[in-house]
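Undergrad: Using the sequences and the hints given, assemble the complete structure.
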Amino acid sequence: MRAKYVLAEMLVGLWRNVTMTIAMIITMIVSLSMLGASLLMYMQVDEMKGHYYEQVEVSIYLEKSIGDAERSAIKSQLDADPLVKNVIWETKEMAYENFKEQFRDAPDLVNAIGADELPESFRVALENPQEFDKINAAYAGLPGVDTVVDQQKLLQKIFDILGSIQNLSLVVAGAMGIAALLLVANTIQVAAYSKRREVAVMKLVGASNWFIQAPFVLEAVFAAVLGSILAWVMLVVGKIVLIDGKLAALTDLLLPVSWGNINLMLPILAGIGAVVSAVTAWVTLRFYIRV
1 MRAKYVLAEM
11 LVGLWRNVTM
21 TIAMIITMIV
31 SLSMLGASLL
41 MYMQVDEMKG
51 HYYEQVEVSI
61 YLEKSIGDAE
71 RSAIKSQLDA
81 DPLVKNVIWE
91 TKEMAYENFK
101 EQFRDAPDLV
111 NAIGADELPE
121 SFRVALENPQ
131 EFDKINAAYA
141 GLPGVDTVVD
151 QQKLLQKIFD
161 ILGSIQNLSL
171 VVAGAMGIAA
181 LLLVANTIQV
191 AAYSKRREVA
201 VMKLVGASNW
211 FIQAPFVLEA
221 VFAAVLGSIL
231 AWVMLVVGKI
241 VLIDGKLAAL
251 TDLLLPVSWG
261 NINLMLPILA
271 GIGAVVSAVT
281 AWVTLRFYIR
291 V
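Quick note on numbering: full-length UniProt numbering labels position 30 of the sequence shown as 30, and the sequence is numbered without any gaps.
Since the hints were derived computationally from the structure, they do not count as laboratory data.
Because the structure is a prediction, the values reported are computed rather than measured.
Among these hints, one or two may not hold up.
Straight-line alpha carbon distances no greater than 25 Å define the calculated BS3-like cross-link-like pairs of lysine-lysine that follow [unchecked claim]:
hint: 1; residue 1: Lys49; residue 2: Lys75
hint: 2; residue 1: Lys134; residue 2: Lys153
hint: 3; residue 1: Lys157; residue 2: Lys49
hint: 4; residue 1: Lys64; residue 2: Lys100
hint: 5; residue 1: Lys85; residue 2: Lys49
hint: 6; residue 1: Lys153; residue 2: Lys100
hint: 7; residue 1: Lys75; residue 2: Lys64
hint: 8; residue 1: Lys153; residue 2: Lys49
hint: 9; residue 1: Lys157; residue 2: Lys75
hint: 10; residue 1: Lys239; residue 2: Lys100
hint: 11; residue 1: Lys153; residue 2: Lys92
hint: 12; residue 1: Lys92; residue 2: Lys64
hint: 13; residue 1: Lys49; residue 2: Lys64
hint: 14; residue 1: Lys85; residue 2: Lys153
hint: 15; residue 1: Lys85; residue 2: Lys239
hint: 16; residue 1: Lys157; residue 2: Lys134
hint: 17; residue 1: Lys157; residue 2: Lys64
hint: 18; residue 1: Lys134; residue 2: Lys85
Simulated DEER-style distance windows between Cβ atoms [said to hold, decoys possible]:
hint: 19; residue 1: Ala73; residue 2: Gly114; range: 26 to 34 Å
hint: 20; residue 1: Phe99; residue 2: Trp259; range: 31 to 39 Å
hint: 21; residue 1: Val275; residue 2: Thr19; range: 24 to 32 Å
hint: 22; residue 1: Lys49; residue 2: Asp146; range: 27 to 35 Å
hint: 23; residue 1: Ala125; residue 2: Ser72; range: 19 to 27 Å
hint: 24; residue 1: Glu127; residue 2: Trp89; range: 15 to 23 Å
Every residue, glycine too, gets a C-beta built ideally from N, C-alpha and C.
TA: Written as structure tokens, this is what we have:
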């Protein structure tokens, strides 16, 4: 009987302050959508790091005047190095063919570069990509070596940019979250004020604080859960329309967002929204509304 009364009072409260309820739901949708997008971006960047770090190579570019003996010595040292997983010798002709393929959309640039202008190199895959400094120290000063380049440093610049975007999106999501909390608190105050006489009567007959507060807390939780579901729907639409649609051509660079990560956002957003809204409503009633 008590549970039925609490649920009925919750529905009455939601309908009585329908405009505030809608505003609270919309704010929840926006803030939780941005939070979910931020979490997805964090997960994607971590997956991209693992994926690309496994494929990065160290390029040991050789001098144009290198001799066969020096080249063989470098190759032998690489083959015997425990830090090296595998090594590929790229001739000038191979480098030029790779260059033409990479810049096939810029024919003027390809025509401006001759096959003899590109250096030969050793493409080295490491057992641990983090140990570039040891490889650089061991091979940078060898006769016939021009430069040693770590592709990981080039990727790190991209990941730094993505990390900045992550942080910015979290800041915006946090600001929207604060706005949502203030709106929840304001809505609960208005609802409690509109029922102040009923609350006073319930106190006189000995109703507990939890029994009085429950409908208000459930209103906030209902709005948060509904907002989290709609926020998840927005993430699904974003994946289908934006990621799988307009950005599908970038799959060679960007890893696709998995449905597993998308579906994981639903319980996370619902849990965060429900808990935060419930705590906010309870604190509001406890410290701002005397019941």
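Undergrad: Evaluate each hint against the coordinates.
TA: Status of the hints after comparison with the structure:
1. Lys49 - Lys75: Violated: Lys49 and Lys75 sit about 29 Å apart, past 25 Å.
2. Lys134 - Lys153: holds, 15 Å
3. Lys157 - Lys49: It holds: about 12 Å lies between the C-alpha atoms, which stays within 25 Å.
4. Lys64 - Lys100: Measuring from Cα to Cα gives roughly 20 Å; hence the hint holds.
5. Lys85 - Lys49: At roughly 19 Å apart (the allowed maximum being 25 Å), Lys49 and Lys85 satisfy the hint.
6. Lys153 - Lys100: With Cα atoms ~24 Å apart, Lys153 and Lys100 stay inside 25 Å; holds.
7. Lys75 - Lys64: holds, 16 Å
8. Lys153 - Lys49: The given pair, whose Cα atoms are some 12 Å apart, holds under the 25 Å limit.
9. Lys157 - Lys75: Since the Cα atoms of Lys157 and Lys75 sit roughly 30 Å apart, the hinted pair is violated (cutoff 25 Å).
10. Lys239 - Lys100: Not satisfied, since the Cα-Cα distance of roughly 34 Å exceeds 25 Å.
11. Lys153 - Lys92: With Cα atoms ~24 Å apart, Lys153 and Lys92 stay inside 25 Å; holds.
12. Lys92 - Lys64: Roughly 10 Å between the alpha carbons, so the hint for Lys92 and Lys64 holds.
13. Lys49 - Lys64: violated, 34 Å
14. Lys85 - Lys153: Holds, at about 19 Å.
15. Lys85 - Lys239: violated, 37 Å
16. Lys157 - Lys134: OK: Lys157 and Lys134 at ~21 Å, within 25 Å.
17. Lys157 - Lys64: violated, 30 Å
18. Lys134 - Lys85: With a Cα-Cα distance of about 14 Å, the restraint between Lys134 and Lys85 holds, given a limit of 25 Å.
19. Ala73 - Gly114: 26 to 34 Å: The hinted range 26 to 34 Å holds for Ala73 and Gly114, with Cβ atoms some 28 Å apart.
20. Phe99 - Trp259: 31 to 39 Å: This hint holds: roughly 38 Å between Cβ atoms.
21. Val275 - Thr19: 24 to 32 Å: With a Cβ separation near 25 Å, Val275 and Thr19 satisfy 24 to 32 Å, so the hint holds.
22. Lys49 - Asp146: 27 to 35 Å: Distance hint for Lys49, Asp146 holds at roughly 29 Å.
23. Ala125 - Ser72: 19 to 27 Å: holds, 20 Å
24. Glu127 - Trp89: 15 to 23 Å: holds, 19 Å
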